[in-house]
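Using the sequences plus the hints, can you model the full thing?
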Amino acid sequence: MLSDNSLAHALMQLAERNLNLASTMVQDIPMKEEANSGSVSTMYGVELLHEAEGHAFLRDRGLATRLYLREENDETKFRSPPSGFSKTLGISWLAPRPIDNQYPRYSIGAFRVTMAAVTNRSSVCLSQFILSGKCVLLGQKENSREISSEVFLLLCHGNLMYLHVLATSVPLASPPALPLLPEKSKPDTDKDADFRISQFITDFLIPSRLAPASANATYSEIPKVRAHQVVERATRYWPLRNESSLLCGNKTAAPLFEHLPKDIIEIAEVTACEAAIENIIMAIISLPVPMDSTPNGLLCSTPVAMVVELSFLLKLYADISVDHGALLANFKKKVDTTMFANYRLSKLFQKATELLVHGNPTPGSPLSNLTEVKRIAAIRSKEKESNIHLIPELVSRKQSSRNITYTPLSSDVIIRHLANAGRKPVKPDREFEAVFATGSSKRMVALYGGIKSDDPQK
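Under the working numbering, think of the first position of the sequence shown as 1, with each following residue one higher.
None of these hints come from the bench; they were simulated from the model.
Hints may contain errors.
[As the list claims (entries may be wrong)] Derived EDC-like pairs: lysine to aspartate or glutamate, alpha-carbon spacing no greater than 16 Å straight-line:
1. K333 with E274
2. K351 with D336
3. K87 with E72
4. K87 with E75
Note that the coordinates shown come from a computational prediction; the quantities given were computed from them, not determined experimentally.
Right, dumping it as structure tokens:
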């Protein structure tokens, strides 16, 4: 006859198999005993239950087998956790640091979790800690190294706890393990400081945090696609160094970099962008005319280089919406009626753009420093040329019973269609993926609300 524990464990293992669940044991949680608050903290463990896919990344890397808890007397057998599951993955609590709640981390999956023992004191304490808006890093402690490999991030979205699977085994904020800059024997401090790292964090990483989506909303795209669109728009123009841009560090141009990457610009945001364009043009014409009066000297000057960059920036985002296109049209009207050094600004920046992309601007000049503008413009110019070469055999012809029209296509389009022909669409079955997970996420981040289900039965 089965005992109560045996029956409960059998039912839990049945749920484990049929519902595709997994167990993760958070180990080494420091907690002081209530009876003697001045005593040394005792280490506790809390068992979490979640979808089994949460361990898939570790299995693919060959880490899961090493992290599963095993019997002390027989390491070939898995240790059954208190919940009764067949096995559990042991992961260590990492001491919280102030940066943990500020620094975003790239997550490749997030899964709702529940405590295996909801009334247990240690489980209640951990739940309250997470639901208060803080996050907990869980990792694999290596005895041979001073650092710990971060594997999971436990935090809440709204009032629900999620286990984020981190894409990196070490923190992005740990330069010895994953340096943000190339390693050098003698670092060039001035040169390294020119990288726009702080702007990348504040202007891109933090605003790109995503929240769980609701399946009841009317979005036609899954969150993963929407996330890719956000990243694509935000990085259309992103110079790596401060010296490569005249506008990125300019406070007057800040509204443009804030609002242009958005798919929809509100009326107030359009007004802010128009004011920024007007202020930049007024600042340009107030600059002194360069002493070098030669054609190249004027074209390579700071005022003309600023117009070149501003025009290029507006063109990159003009195809997103009607409002984006209207900003470019208004800019063209303004520069066509604005004079600088007895020349129309529209003529100057057109010649300067041609000189930058296809010519040789004066080395060290403001125009020559616009390396990102030159790189993107050169790529787009090549793509435009490749689309002109069409396949001559695709012509219109007439048959006896019906008319067949063969539409001219570029070779790149045909190759892309052939490459995609054999692929089967994969339906993601998770709430969200590819997210930037960070602490202080108790409030929903309203980047999007949800997805539209393709299944009419749902």
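Hints and how they fare:
Straight-line distance between C-alpha atoms of K333 and E274 comes to about 12 Å, which keeps the hinted pair within the 16 Å bound. A distance of roughly 14 Å separates the Cα atoms of K351 and D336; the hinted pair therefore holds under the 16 Å criterion. For the proposed pair K87 and E72, the alpha carbon gap of about 14 Å is at most 16 Å, so the pair holds. Only pairs whose Cα atoms come within 16 Å are accepted, and K87 paired with E75 is accepted, the gap being roughly 13 Å.
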